[in-house]
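Chains A and B supply the protein sequences, listed in that same order.
The number in our numbering is simply the position in the first sequence, starting from 1, with 1015 added.
The number in our numbering is simply the position in the second sequence, starting from 1, with 1297 added.
Certain hints may be false.
[Stated by the list, open to error] Chain A stretches covered by chain B per the calculated footprint, using a threshold of three residues with CB under 8 Å from any CB of chain B:
| id | stretch |
| --- | --- |
| 1 | 1018–1028 |
| 2 | 1051–1061 |
| 3 | 1071–1084 |
| 4 | 1112–1120 |
Rather than coming from a laboratory, the hints here were simulated on the basis of the structure.
Idealized CB from N, CA, C, for every residue including glycine.
Here is how the chains run, residue by residue.
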Amino acid sequence: MTLEGKSAYLWYLLGCAGPVLLLQAVGVWARYRGRTGEVMRAILPPALAVGAWLSFWDHFAIASGVWRFSAEKTLGVRVGAVPVEEILFFFLTSLLVALGTGAAAAMEERHA
Amino acid sequence: MTYARFLALFVVVPLLAFGWRYRKSILFGGAWPGVALFCIVYAATSPWDNLAVKEGIWDFDDARTWGVRVLYLPVEEYLFFGLQTALVGVWVKGRLHALSQRWAAP
């Protein structure tokens, strides 16, 4: 597998996270049905807040040189020092964990 | 600042705060789903992140890590996976616990 081009990070991220997120969302809906809205209102704020928080400190980590991104494999659009793909990464991974925790809570109920 | 110090300041401190805030919810419904979630996160994220570094999308400055890599990643990166999962998971679990209590209320 070779990842090339300025959209390499973006497609790598969306290609891996997108299908899983979709499956998780369907799973949460299938479990909670009419209460899905309430469950999403419970789990979305932490996912969004943590995504924003991690993006915030990532700026300082990049500025400090802890890690660096390829200019050839990112879009080149940055918020502060942070590539937009990286911001998307923090939001998507936090959402993956939040939905996974929601699905796990459903499993807990079933096995209680 | 090093990767470890960033983790300690920006992830471990909030995690401890949320852990304390939601201490009664952490084991809500049992521990095994959380353990399963951690296993899934590591199984999915480790190859994903390793391949990204191998392909040169991003990389780390060894002078700002402990200098120990497992495959392509410094050990702090593996710690980050678990800490992010714990941070989001504890907070979400606390809110779901509160929601389940509202549903159970007469």
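Verification of the supplied hints:
Note: the stretch 1018–1028 of chain A has 4 residues with beta-carbon separation from chain B under 8 Å; the three-residue rule is met and the coverage holds. Closer than 8 Å: that is the beta-carbon criterion, and the stretch 1051–1061 of chain A has 6 residues meeting it against chain B, so the requirement of 3 holds. Coverage of the stretch 1071–1084 of chain A by chain B holds. Counting CB-CB distances below 8 Å, 9 residues qualify, and the rule asks for three or more. Chain B is given as covering the stretch 1112–1120 of chain A, and this holds because 7 residues of the stretch bring a CB closer than 8 Å to a CB of that chain, at least three being needed.
In summary, this structure violates none of the numbered hints.
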